[in-house]
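Line order of the protein sequences matches chains A and B. In case it helps, full-length UniProt numbering puts the first sequence at residues 1 to 417. In case it helps, full-length UniProt numbering puts the second sequence at residues 1 to 311.
Certain hints may be false.
[Claimed, not checked] Computed beta-carbon distance windows for the label pairs: (1) Ser70/B / Asp124/A: 24 to 32 Å; (2) Glu163/B / Asp125/A: 40 to 48 Å; (3) Ala67/B / Asp125/A: 30 to 38 Å; (4) Met88/B / Gln43/A: 56 to 64 Å; (5) Met88/B / Leu254/A: 38 to 46 Å; (6) Met146/B / Pro415/A: 51 to 59 Å; (7) Pro415/A / Arg71/B: 23 to 31 Å.
In short, the hints are calculated from the structure, not lab data. Just so you know, these numbers come straight off a predicted model, no measurement behind them. Note that the Cβ used here is the ideal one computed from N, Cα and C, for glycine as well.
The primary structure of each chain is shown beneath.
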Amino acid sequence: MTKRIILGALLGSTLLAGAAAAQEVTLTIESWRNDDLSIWQDQIIPAFEAAHPEIKLNFTPSAPAEYNAVLNSKLDAGSAGDLITCRPFDASLALFEDGKLADLSDLDGMSNFSDVAKSGWSTDDGSATYCVPMASVIHGFIYNKDAFEELGLEEPETVEEFFAVLDAFKEDGGYIPMAMGTNDQWEAATMGYQNIGPNYWKGEEGRQALLSGEASLTDPEWVAPYEQLARWGDYLGDGFEAQTYPDSQNLFTLGRAAIYPAGSWEVSGFNNLVDFEMGAFPPPVPNEGDECYISDHTDIGIGMNAATEHPEAAKTFLDWVASPEFATLYANALPGFFPLSDTPVEIEDPLAQEFASWRQECNSTIRSTYQILSRGTPNLENETWNASAQVIKGAETPADAGARLQEGLASWYEPKP
Amino acid sequence: MPGTAVSSHAPKIRWHIIVFLAPAVLVYTAVMILPLFDTLRLALYDEVEGERVFVGLENFRTLFGDANWSRQFWNALINNFWFFLIHMAVQNPIGIALAAILSNPRLRFSSFYRSAIFIPTILSFVIVGFAWKLILSPIWGIAPGMLDAIGLKSLFAPWLGREETALTTLALISVWQFVGIPMMLIYAALLSIPDEILEAGECDGVTGLSAFWKIKLPLILPSIGIISILTFVANFNAFDLIYAAQGALAGPDFSTDILGTFLYRTFFGFQLQLGDPHMGSAIASAMFAVILIGVCLYLFGIQTRIRRYQL
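Chain A extracted, bound-state conformation (with noise of 0.2 Å):
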């Protein structure tokens, strides 16, 4: 007798949610930020649904090392969600090659982002758009003021000086001079190489150079940069071969490190574990007065999966993270993740504004490996990750660590200029 009563009440109340999704549409978000659920929704999601309280939202993340994999299957599959969360550059491309992704250039709201901003998510010749641009970071190095202090150090603006900060710590011995490790390899080059370098192959300058064929890595100013990482090693803590990137964040935030080469994302992170103050600056230039040029990567945007049931409301909802008010929404949620509009954002958190300050100072650019350049084999960003780190440990010259790149960017990209 329970058991039909409980019957009757589940079937009751499926019939009930039916005619509810009769009149409302859910849309489904796939994601790799699992960090971000709570941000989703308590802030994010609250403040569409009261603008379109006809739409409702249901933002569905996966582990960021399998999302790619997920996602693929689930496209595949047919059960993946309206929108997607689409990461830069090729990976996404892939996907709306296949069809998988709508061609999103006609969206009103993206109007609202510079080329540069929409080159992650646009086809090699610009002519298509399929991801509305959600956030960059931006890379420098975080410092622990009150270690600063503490011996009387400025903010280093040349490569000169930040040796000679470096030295400074590394004499005085209270603090390791920098918290970074090779094991994980991608620091090495990510907040290493691409953090570095744009100081020196000058920014997009460079960029467009190495993809049209008129410069190569084992140019000067491609190979410089692994020369400054080969002095690193000296300053890194005991055993940093086998430091993990875990390693190196525990190392700063517990106050034993003077400075951390850093991607603005840490920022959030870092602010509820840190008991000292922290400050930033940008990657020292060369030379005093060099113009000086900063990473600010396309990151993060989201696209419509082109065989949703509601691309209308998905369209209303891709609008909206157009708009201005989600870029202000989501930078200050997610100190760190720059929007990438061309509307000025108000930031509160001191760090972050700290970095995004250097967009007007400097000149932007995008990591150099990642558009087109590491679409073969053996693939080039890969490579860096192993060449940068290599060369930090000494296992490798600067100048050998240039030429076998080159080579194998050689032995299958064909410029096209």
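Since chain A is already given, all that's left is putting chain B on it; use the hints.
Here is chain B on its own, set in the frame of chain A:
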């Protein structure tokens, strides 16, 4: 007699055999045999402009002919052999020695030792990889502190971060985890040796260590053979520990790259490298071939020559 009555009829289909075999056959076919053959088939295809086309052995030609691929393949294969050699040279002798000690009836607390040594085997690779990474960490690990306590701090190095030592270190971690398996198998084999044989040996003056070498060891040789082949198959299918400890790029400088990690990177892609199921299947097929050859060599070259004793 009822028995003769049955046999005089025409041969009946023995349904019970089919019924009892069916579940295993169906499940095994669906989850093992079909995927295996499908992988082999997939290795003969490639994707050209969005279409899957048959390319014959082209993927294998790339794998062995293109320097970018073949260098990685041979590196992974050689690393894999080294990984296997360490297991054979360290894990199995230690396993046998432990079993011999445990089977000594005068040893106290033997069931405690047995469980303690076997427990790591049931732990997840991820836990083992993470725990050992922490133990060996130059920053937080207890290994530097322990070496310091006995005045041997100078011997410590960031083993997992150095090309020369990373693979051997990981192999030894794997040995630590799995030494319980040879121990258990040998232990069972040793227990099955009848006491009369050992007592007869004692009457002839064969005792202690020489009893082990002359009586027990020849009797457990078939078990050692089985353990060797199990180790071989497990090592050439290994992936988890390396992935958990060093990531899919198997650093430093691919010195810990084994066939499993190479396959994973290729099949599923990694970071900006997009997954290539066709090349991945070619690598999987090559792994299958390596394991098949190894198992055949063992079955026909060694298994048939091991002398078995009727106990």
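Going down the list of hints, with the structure as the test:
no.: 1; hint: Ser70/B / Asp124/A: 24 to 32 Å; result: 30 Å, holds
no.: 2; hint: Glu163/B / Asp125/A: 40 to 48 Å; result: 43 Å, holds
no.: 3; hint: Ala67/B / Asp125/A: 30 to 38 Å; result: 32 Å, holds
no.: 4; hint: Met88/B / Gln43/A: 56 to 64 Å; result: 57 Å, holds
no.: 5; hint: Met88/B / Leu254/A: 38 to 46 Å; result: 43 Å, holds
no.: 6; hint: Met146/B / Pro415/A: 51 to 59 Å; result: 55 Å, holds
no.: 7; hint: Pro415/A / Arg71/B: 23 to 31 Å; result: 25 Å, holds
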